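**Student:** Chain by chain, the residues run as shown.
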Amino acid sequence: MKSKKIRTGIILHIVLAAGAIIMLFPFLWMVLTSLKSVTESTSMNPYVYFPKVLQWDNYKAVWMNNNFIRLYFNTFTMMLLRVLCAVFFSAMAAYAFARLHFPGKNFLFGIVLFQMMVPVQIFVIPQYLMVDFLNMRNTIFALVFPGLVSAFGTFLLRQFFLGLPKELEESARLDGCNIWKTFWRIMLPLTKSGLVALAIFTALFAFKDLMWPLIVNNQENSATLSSALSKIQSAYSVKYPELMASSVLAIWPMMLLYIIFQRQFIEGIATSGGKL
Amino acid sequence: MAVMKDTARKRKIPRNVLNEWKWAYIMIAPTIIGLFILNIIPILQTVYLSFFKSGAFGKGNIFIGLKNYRDMFSDVQTWYAVRNTLVYTGLVVPITMAIALLAAVVLNRRVRGKGIYRTIYFVPMVAAPAAVTMVWRWLYNYQFGFLNHILHNLGIGKVKWTEGPDIALVSIAVIGIWSTIGYCMVILLAGLQEIPGDFYEASEIDGASRVNQFLHITLPLVSPTLFFVAVTSIISSMQVFDVIFMMIDVANPAYNRTVSLVYLFYNNSFKYSNKGYGSAIVVLLLVIIMMITMLQMKAQKKWVSYM
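Going down the list, the sequences are from chains A and B.
Mapping the first sequence onto my numbering, position 208 (from 1) lands on 208, and the numbers just tick up by one.
Counting from 1 along the second sequence, just add 276 to a position and that's the residue number in my numbering.
Simulated from the structure, these hints should not be mistaken for laboratory data.
Predicted, not measured: the structure shown is a model, and the values here were computed from it.
Hints are supplied without guarantee of correctness; some may be wrong.
What the hints assert, rightly or not - With a straight-line Cα cutoff of 30 Å, these simulated DSS-like cross-link-like pairs (lysine-lysine) come out:
#  : chain 1 : residue 1 : chain 2 : residue 2
1  : B       : Lys574    : A       : Lys105
2  : A       : Lys208    : B       : Lys547
3  : B       : Lys298    : A       : Lys192
4  : A       : Lys181    : B       : Lys547
5  : B       : Lys577    : A       : Lys208
6  : B       : Lys574    : A       : Lys231
7  : A       : Lys166    : B       : Lys288
8  : B       : Lys434    : A       : Lys52
9  : A       : Lys105    : B       : Lys288
10 : A       : Lys239    : B       : Lys436
11 : B       : Lys298    : A       : Lys231
12 : A       : Lys52     : A       : Lys181
13 : B       : Lys434    : A       : Lys4
14 : B       : Lys574    : B       : Lys343
15 : B       : Lys547    : A       : Lys166
16 : A       : Lys239    : B       : Lys434
17 : B       : Lys436    : A       : Lys181
18 : B       : Lys547    : A       : Lys2
19 : B       : Lys436    : A       : Lys208
20 : B       : Lys288    : B       : Lys298
21 : A       : Lys105    : B       : Lys577
22 : B       : Lys436    : A       : Lys52
23 : B       : Lys343    : A       : Lys192
24 : A       : Lys105    : B       : Lys298
25 : B       : Lys288    : A       : Lys231
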């Protein structure tokens, strides 16, 4: 009985470890290729796994040819503004939907739910036309625009507010807090884990978004990391080491954030899902 | 509350109730106004636009009734895109969910290093699809790619991963599966952790095997979470764009066998500036997604058990 348990344990670990290798291998290969010479990357006989001399020049080349500082700035400003908008506006709306009574509440919350069920592309053309009409193409505002409010955020934070005890709110009211103060001082700090989850979610999906920045900010100076990568790809079609170097430059900040805040990332995603 | 509302309508509304309404409306105003401007009106506009032929530079749209739809349905590429989108979703969602559920069940037990596995499986989710697809393209490269190198060493011939019309969509699906397993797994793990431990203890005393426990305890109790994951992953898989856009350009021999509805929408709306036609495509996507979601809502009664 015991040896059988050990054996299943070993098999389990082999399978889990194989899975882990598959998950990480593309990233490892990305870094390895980014440090090879072009000849090494296209050598079949012998096939080169590790570069003989680390070719840091690949990084230098893509760094010099693309304004990465600008791309980081655009991407992170967009992410930050989207996070601030989503968290602030969603928290207010979520509190009202969870805790206050007012006419039309069900109908208006229905709109929130409906938005989440609809494919985002249905909004894209009119949103693009609006940004164009405002003459705001190729600006940070254009990047932030569709993320000014968040139906998903409202839905998510509402769940958190619903979970808080009523007594707290009542005693705050008795102590003379008005509705805003009750929300801002008492209830909002208690949903911190929800706010963090939403912030991570918003930041992650803003970082990964490709189509919107591609459409609305198509100049090099106003591109994001994702949209710039698609242009870089067509420019360097054969130089895989340089392509990989640009990929590494594009993903390392988010990877670093993930390594530092992995618990918050995973718990944030975990709490966002659940039941319909 | 209903009573309060009724009396409020008949008599003068008490001041504290009015105050609550005032604050509620102030607090939801940014979100609701934003949703109307950014989402609700755009849905109507997109539907409206789908009856027009876009003029040059976005001006002078001409009403053409159902012509965009007629053109769309008579274009064989639309049907390729519908098929490709459905095949992609049909490949990615079940496989991802099966692997993610298995991984979640295993990691929900007392396994050493489960935190590390959880962290690693989630890593692909954190990378931008644009960057990730570039590496996969490199791994898939026909001449110099790592995968064909391995196949060659095993004595199997090379495979045209990204250009073979029969295999390209599968290659894309592999990336989709690889990058979303961690996400599904984390949500399913959260669902599994809600199952009370005594259920398992009681069944163990009754002599239930692990397989039986999985079939009769785990599966029914995690079914609401599975349903959530199924609905949301189908909706997002139906919108696949990034990976296909980064991997397959219009000149690729596998284009027709891989183009998705959203890619077709993007090309028509923004590459060929035919926003009316693009709108018709995305309306079609909306209808398909709505139909699938409604079917799922109906089917859930058969297999989802809420406690």
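**Student:** Quickly compare the C-alpha distance for Lys547/B and Lys166/A to 30 Å and report which way the hint goes.
**Tutor:** Not satisfied, since the Cα-Cα distance of roughly 54 Å exceeds 30 Å.
**Student:** Are Lys239/A and Lys434/B close enough, with their CA atoms no more than 30 Å apart?
**Tutor:** holds, 21 Å
**Student:** Could you grab the alpha-carbon distance between Lys105/A and Lys298/B and see if it respects the 30 Å cut-off?
**Tutor:** Distance ~13 Å between Lys105/A and Lys298/B Cα, so the pair holds.
**Student:** Holds or violated: Lys288/B with Lys298/B, Cα cutoff 30 Å?
**Tutor:** holds, 16 Å
**Student:** Would the pair Lys574/B and Lys231/A pass a check requiring their Cα atoms to be no farther apart than 30 Å?
**Tutor:** violated, 44 Å
**Student:** Do the alpha carbons of Lys181/A and Lys547/B lie within 30 Å of each other, as the hint requires?
**Tutor:** violated, 50 Å
**Student:** Check the hint pairing Lys434/B with Lys52/A against an upper bound of 30 Å on the C-alpha distance.
**Tutor:** holds, 26 Å
**Student:** Checking one constraint from the list: CA of Lys52/A to CA of Lys181/A, max 30 Å. Satisfied?
**Tutor:** Violated: Lys52/A and Lys181/A sit about 64 Å apart, past 30 Å.
**Student:** Take a quick look at whether Lys105/A and Lys288/B sit within 30 Å of each other, Cα to Cα.
**Tutor:** holds, 21 Å
**Student:** Assess, step by step, whether the Cα of Lys574/B is no farther than 30 Å from the Cα of Lys105/A, and give holds or violated.
**Tutor:** It holds: about 26 Å lies between the C-alpha atoms, which stays within 30 Å.
**Student:** Going straight from one Cα to the other, do Lys298/B and Lys192/A come out at no more than 30 Å?
**Tutor:** Holds, because 26 Å separates the two Cα atoms, which is no more than 30 Å.
**Student:** Tell me if the straight-line CA distance from Lys434/B to Lys4/A falls inside 30 Å.
**Tutor:** violated, 41 Å
Hint violations for this structure: numbers 4, 5, 6, 11, 12, 13, 14, 15, 17, 18, 23 and 25, all remaining hints satisfied.
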